[in-house]
Amino acid sequence: MTTDPLLLTGEVDDATARLLRTVAAFDAADVAAASLLPGWTRGHVLTHLARNADGFVNLLTAARTGERIPMYASADARTADIEAGADRSPAALLDDLRRTSDRFVEAVDTMPVEAWAATVETRRGPWPAAMLVWGRLREIEVHHVDLAAGYRPVDWPEAFGQRLLHEVATGLADRPDAPAMVLRFDGFRQELVVGDPEGAPTITAAAPELAAWLIGRSAGEVLTVTPDGPLPTPPEWI
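Residues 820 to 1057 (this note's numbering) are what the sequence shown spells out, left to right.
In case anyone wonders, no lab produced these hints; they're calculated from the structure. From the three backbone atoms N, C-alpha and C, an ideal C-beta is built for every residue, glycine too. Where hints are given, some of them may not hold.
[Said to hold, decoys possible] Using C-beta positions, here's what the derived DEER-type ranges look like: (1) V1044 to T929: 46 to 54 angstroms; (2) H985 to L825: 14 to 22 angstroms; (3) L1050 to R887: 39 to 47 angstroms.
Work the whole structure out from these sequences, hints included.
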């Protein structure tokens, strides 16, 4: 699902602004409270978002210079950095997130057009540099929900919800553990098929709600299943 990265920069700016407004209202008890991610407080999520921005800057630099620069020094270093930063004050967490988000924007702004054609090495393998802006947008929007601070999948912009839904459904098509289903959205005008549609249930909702259910950010309460029956169980997302 490669897309022109420069078409998404405004969406990254808007998503970042929404996230920063949420975080600016946090006090010490808020950042120490549990997030939706098992074992992580909101402080963990915010630190991860800041280090993720740094990691994407590393990958943008690699694409621009041709050097082999990893997203993170190592998996252990990534985990240690998140743990080390999770207990900071609300002001420190907000400042870190704001500064690293600004650095990401600056790195995108300095990318030559030809550098977007490069391939970079993420934690999960090779990725087109042109996908990095989408990757950052996805991190911001999904983890904003994970803060459990009032921002929900229904608040995602429709365009983001549709892109995420297409990406996740496409990924499920290659997974043997994915149940067959037909996903119907956009006022019943669009469908995505996972697996063999013959006899598969049709699941209908707005694109953001379908995407949230597929990635484990919703129990699917607002989804409609046809014929009537239980929702299938999607496999674990990335």
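Legend entry - Unsatisfied constraints (hint numbers, rising): none
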